[in-house]
Amino acid sequence: MTTLLRPLSTMTSGTARPATPVKIDVQGMNFYYGAKQALSDITIAIHANLVTAFIGPSGCGKSTFLRTLNRMNHIIPGTRVEGRVHIDGQDIYAASTDVVGLRRRVGMVFQKSNPFPKSIFENIAYGLRTNGLTKNRGEMEGRIEESLKAAAIWDEVKDRLTESALMLSGGQQQRLCIARALAIQPEILLMDEPASALDPIATQRIEELIYQLKASYTIVIVTHNMQQAARVSDNTAFFWLGRLVESGATEQIFTSPTEKLTEDYVTGRFG
Amino acid sequence: MAGDRLLQTMSILVLTLSLVALTALLYDIWSDGWSRLDWAFLTSMPSRRASSAGIYPAILGSLYVLLVTATFALPLGIGAAVYLEEYGGGGRIARLIEINIANLAGVPSIIYGLLGLGIFVRAFGWGPSILSGGATLGLLALPVVILSTREALRTVPMSAREGSYALGATKWQTIWHQVLPSALPGILTGLILAMSRAIGETAPLITIGALAYIDFTPSGVMSPFTVLPIQVYNWVSKPQVAFAENAAAGIIVLLVLLLSMNAVAIVLRDRFHKARV
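Protein chains in written order, with the working numbering: chain A, 6 to 276; chain B, 22 to 298.
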């Protein structure tokens, strides 16, 4: 099994990656849904301009953890976080943190593409307007074109920006959602199984896109597809039953994990 | 299998029975009122002579009252529903309000009439005016508007809200730009249904002092008024056959108004559906 995975994992990994600064620093985080503890003692450093993949079986807490990084968990009543999460040295759970400003810096793409039931143009314009990021129509149109290009969907939609976003295919909708997130120029992009509902070709396009985007963004991607993690990520973190079992360089996690549990998972013995 | 067929037969039977009863009623009204229904009937004042009596002030009164009702019930109803659904957060107070609203929806309309008489007519000093009538019917429509708006808000998927929050939108921006527009068809349908209940109400308006006979057109919201069902009620209570025909014709006018409101609701809903998909 490991030999099968090796070619995939060597696809994107250089041997010696230059160390990038730590972007997100999580220390001893516990997370609760009401009385139920969903995450225990998570400690991890996520580096800038790299792709970090969270893998693990369903219900292991990887999506929950992802959502704590832009405080998306906050809109579910009864959730509680302990420990510290620092982004660029700033405690995002401090009482003084502006959640809206945080979410502007930490964009998110969801498992199921969720374009607004509006035109393609309006889908991107929404984030720009609500954050007051553009001064006039011309500037807004420029930003919209820019972000659609960055999400590699411009050529497919440039002649029908006024059409409903719901007319697009699943893969196009997901790239539109990525464009929407990029338009407000975040520093970090969180992706929660962004390709799990897509066909192989659309998935490949998303993965190529992720590869291009990491030059400008810090990307965290949750996936239950291990080949995908191996293909797109620089670092991988393996979650199991609400714990972070192991994290490190992707090729190390896939070829010589230190934990038996990780090895069993990446070689497909369970999960 | 046998059970299925029995149930099916019974359902069809029940449906046919109610349709037959409804058709008979409509036919009866139609045959009584049709001959009286002409342009003069729609545009004349009421009169002691049945043959020259018309329904014009009642039509205007009904429309004015409805307008006030909508102006009153729509913002209050949506506001209350948004609070309960989005901000109330299922606390003790929110639950108490919820139960009370559900109960209010079932309160007999004459109770609302008494409330309107006490508050709008007397305490506020608005008198037996269109404003008082519209506000009273607004109270009556409010629970229905709140309940249907909440229902509509609940159908807006979590993913739409999350998409908005993830772009750095505030809660209010999310509600105003994403949730309410998505829920609008449901809200409008609820409003129009509440309105069609209000348009047929007689008791609360009689309670607050709407007139049964007026020979002038209402001049503004503070004017005394009558509405279609009161006018019909007034004619029905007269012994002459000619007035019974007037009543039937009045009922036809009321029905047409009601059906066109429902038609508008359907068209509106379809429009929004198409515009958004």
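These are calculated hints, taken from the structure and not from any lab test.
Misleading hints may appear alongside valid ones.
To be verified - Computed list of lysine to aspartate or glutamate pairs in EDC-like fashion (alpha-carbon distance at most 20 Å, straight line):
| # | chain 1 | residue 1 | chain 2 | residue 2 |
| --- | --- | --- | --- | --- |
| 1 | A | Lys123 | A | Asp103 |
| 2 | A | Lys163 | A | Glu198 |
| 3 | A | Lys123 | B | Asp236 |
| 4 | B | Lys259 | B | Glu107 |
| 5 | A | Lys41 | A | Glu87 |
| 6 | B | Lys192 | A | Glu150 |
| 7 | A | Lys140 | A | Glu127 |
| 8 | A | Lys123 | B | Glu183 |
| 9 | A | Lys163 | A | Glu146 |
| 10 | B | Lys192 | A | Asp103 |
| 11 | A | Lys117 | B | Asp291 |
| 12 | B | Lys259 | B | Asp291 |
| 13 | A | Lys140 | A | Glu150 |
| 14 | A | Lys163 | A | Glu192 |
| 15 | B | Lys259 | B | Asp53 |
Going through the hints against the structure:
1. Lys123(A) x Asp103(A): Between Lys123(A) and Asp103(A) the Cα gap is close to 28 Å, so the pair fails against 20 Å, i.e. violated.
2. Lys163(A) x Glu198(A): violated (27 Å)
3. Lys123(A) x Asp236(B): This hinted pair is violated, its Cα atoms lying about 51 Å apart.
4. Lys259(B) x Glu107(B): Given pair Lys259(B), Glu107(B) is violated - Cα atoms ~52 Å apart, limit 20 Å.
5. Lys41(A) x Glu87(A): With a Cα-Cα distance of about 13 Å, the restraint between Lys41(A) and Glu87(A) holds, given a limit of 20 Å.
6. Lys192(B) x Glu150(A): Not OK: Lys192(B) and Glu150(A) at ~27 Å, beyond 20 Å, violated.
7. Lys140(A) x Glu127(A): Holds, at about 16 Å.
8. Lys123(A) x Glu183(B): holds (16 Å)
9. Lys163(A) x Glu146(A): Holds - the C-alpha atoms of Glu146(A) and Lys163(A) are around 11 Å apart, at most 20 Å.
10. Lys192(B) x Asp103(A): Holds, because 13 Å separates the two Cα atoms, which is no more than 20 Å.
11. Lys117(A) x Asp291(B): Not satisfied, since the Cα-Cα distance of roughly 26 Å exceeds 20 Å.
12. Lys259(B) x Asp291(B): Violated. Lys259(B) to Asp291(B) sits at ~44 Å, over the 20 Å cutoff.
13. Lys140(A) x Glu150(A): Satisfied, since the Cα-Cα distance of roughly 16 Å is no more than 20 Å.
14. Lys163(A) x Glu192(A): Not satisfied, since the Cα-Cα distance of roughly 26 Å exceeds 20 Å.
15. Lys259(B) x Asp53(B): At roughly 15 Å apart (the allowed maximum being 20 Å), Asp53(B) and Lys259(B) satisfy the hint.
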